[in-house]
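Undergrad: What follows is the residue order along each chain.
2 protein chains.
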Amino acid sequence: MPPPSGPTPESIITDADRNFLDLAIEQAQIGWEEGGVPIGAALVHDGEVLAVGRNRRVQMGSAIRHGETDAIERAGRLKASVYRNSVLYTTLSPCYMCAGTATLYEIPRIVIGENRSFQASEAWLASNGVQLDVVDDPTCIELMNRMMTERAEIWNEDIGEEA
Amino acid sequence: MPPPSGPTPESIITDADRNFLDLAIEQAQIGWEEGGVPIGAALVHDGEVLAVGRNRRVQMGSAIRHGETDAIERAGRLKASVYRNSVLYTTLSPCYMCAGTATLYEIPRIVIGENRSFQASEAWLASNGVQLDVVDDPTCIELMNRMMTERAEIWNEDIGEEA
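Protein sequence lines correspond, in order, to chains A and B. In terms of the UniProt record's numbering, the first sequence opens at residue 1 and continues consecutively. In terms of the UniProt record's numbering, the second sequence opens at residue 1 and continues consecutively.
Please keep in mind that the hints were generated in silico from the structure rather than gathered at the bench. Here the structure is a predicted model, which is why all the values come from computation and not from measurement. Using N, Cα and C, we set each Cβ at its ideal position, and we do this for glycine too. It is possible that part of the hints are untrue.
Stated by the list, open to error - Below are the SDA-like pairs computed for lysine to any residue, each with C-alpha atoms no more than 20 Å apart in a straight line: (1) Lys-79/A x Arg-56/A; (2) Lys-79/B x Glu-48/B; (3) Lys-79/B x Gly-47/B; (4) Lys-79/B x Asp-46/B; (5) Lys-79/B x Gly-129/A; (6) Lys-79/A x Met-148/B; (7) Lys-79/A x Gly-47/B; (8) Lys-79/A x Asp-46/B; (9) Lys-79/A x Gly-35/B; (10) Lys-79/A x Gln-59/B; (11) Lys-79/B x Ala-51/B; (12) Lys-79/B x Glu-162/A; (13) Lys-79/A x Ile-30/A.
As the list claims (entries may be wrong) - For the chain A half of the interface with chain B, some residues (derived, Cβ under 7 Å), not all of them: (14) Asp-15; (15) Asp-17; (16) Ile-64; (17) Glu-73; (18) Gly-76; (19) Cys-95; (20) Tyr-96; (21) Met-97; (22) Thr-101; (23) Leu-104; (24) Tyr-105.
In isolation and in its complexed conformation, chain A is listed as follows (with noise of 0.2 Å):
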């Protein structure tokens, strides 16, 4: 696994990214209290919000609803054009599953609550000329401390490893 990347300099992370970020923080909060993995997700298009999603593992019994996809899917069916001009904000670093869902889509931004809990596809994203933003957010990090502390076993499986 590569190493993660550092924080993004402040100044790149508008108020407006700032404010979808908390939308995604959100959810993973919703999520953790449905006894959930607490990862969360907005869609947003050109300062529009298309959708918010969290990991439904748990809650739908799912293996492919990550924050990020669960996010995409319930934007519904978009035309190319509209992913191309979106960011996607997600509160932890995209698995591969999620990556490759916004590389299929084209989905040129992802702004990342933090990458210190998990980091994966950073390398390969970024080398599909994809901007990587990471904001390194307490809240964030405190979500996913507490879950793979209280809850491994859901962890590992959410990310394909052995228990």
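Once you've looked at the hints, dock chain B against the given chain A.
TA: For chain B alone, kept in the frame of chain A given last:
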């Protein structure tokens, strides 16, 4: 887009492989009859079919239910060790979303009905150590020929291309 691989020598494709691919083809045919994208898949563990699936973009209004992801979703929550001893059968070479999903779960082998109609992820999967076997099946090719001719707009949407 890298050039597609040539077909795998017939000796590598066992009778069991052929039967599992036929299940995926049956799913693709059902999807076509439903008005959808004719791509099907099967997830097989140790010779046992865990689930079959098909592209459900049209049927469910879905942006993430490709043949492969639908099969993986329908297989439900599984331990890492199950995926790591499974084979994914798909009628068409996987897009990056489906390739990323297989990569997340470390599925070691993918049997591909055909890759003439579409190919994006094979070099990446191969570089990750995934065994790819391409059958070059005429029924799979014919289904995709009809799709790309008769439902071109939906097909472009499905692979994130401008119509």
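Undergrad: Look at each hint and say if it fits the structure.
TA: Results of checking the hints against the structure:
For the hint linking Lys-79/A to Arg-56/A, the alpha-carbon distance of about 25 Å lies beyond 20 Å, and the restraint is violated. For the proposed pair Lys-79/B and Glu-48/B, the alpha carbon gap of about 15 Å is at most 20 Å, so the pair holds. Restraint check for Lys-79/B and Gly-47/B: satisfied, since their Cα atoms lie roughly 17 Å apart, inside the 20 Å limit. Of the pairs offered as hints, the one joining Lys-79/B and Asp-46/B holds, with about 14 Å between alpha carbons and a cut-off of 20 Å not exceeded.
Of the supplied pair hints, the one linking Lys-79/B and Gly-129/A is violated, its CA atoms being roughly 33 Å apart against a limit of 20 Å. Our distance criterion of 20 Å between C-alpha atoms is met by Lys-79/A and Met-148/B, whose separation comes to about 17 Å. A hinted pair counts as satisfied when its Cα atoms are at most 20 Å apart, and Lys-79/A with Gly-47/B does not qualify at roughly 39 Å. Pair hint Lys-79/A plus Asp-46/B does not hold up; C-alpha atoms about 39 Å apart against a cutoff of 20 Å.
With a C-alpha separation of about 19 Å, the suggested pair Lys-79/A and Gly-35/B falls inside the 20 Å cut-off, and the hint holds. For the proposed pair Lys-79/A and Gln-59/B, the alpha carbon gap of about 17 Å is at most 20 Å, so the pair holds. Taking the CA atoms of Lys-79/B and Ala-51/B, the gap is near 15 Å; set against the 20 Å cutoff, the hint holds. Distance check on the hinted pair: Lys-79/B and Glu-162/A sit about 7 Å apart at the alpha-carbon level, within 20 Å; holds.
Distance restraint check for Lys-79/A and Ile-30/A: the Cα-Cα separation of roughly 29 Å exceeds the 20 Å cut-off, and the hinted pair is therefore not satisfied. Below 7 Å, beta-carbon pairs count as interface contacts, and Asp-15/A has none with chain B, the closest being about 29 Å; its hint is therefore violated. At about 23 Å, the closest approach between the beta carbon of Asp-17/A and any beta carbon in chain B exceeds 7 Å, and the interface hint on this residue is violated. At about 5 Å, the closest approach between the beta carbon of Ile-64/A and any beta carbon in chain B falls short of 7 Å, and the interface hint on this residue holds.
Interface restraint check: Glu-73/A against chain B, minimum CB-CB distance 5 Å, threshold 7 Å, status holds. Because the beta carbon of Gly-76/A sits about 6 Å from the nearest beta carbon in chain B, less than 7 Å, this interface hint is met. Contact between Cys-95/A and chain B, as hinted, is supported at the beta carbon level, the nearest pair being about 5 Å apart and thus within 7 Å. Interface hint status for Tyr-96/A: upheld, as the beta-carbon distance to the closest one in chain B is roughly 4 Å, under 7 Å.
Annotation: interface hint on Met-97/A holds; nearest CB of chain B at approximately 4 Å, less than 7 Å. Hint on Thr-101/A holds. Least Cβ distance to chain B is approximately 4 Å, under the 7 Å limit. Hint status for Leu-104/A relative to chain B: holds, with the closest Cβ pair at about 4 Å, below 7 Å. The closest approach between the C-beta of Tyr-105/A and any C-beta of chain B is roughly 4 Å, which is under the 7 Å cut-off, so the hint is satisfied.
Hint check: violations occur at hints 1, 5, 7, 8, 13, 14 and 15; the rest are consistent with the structure.
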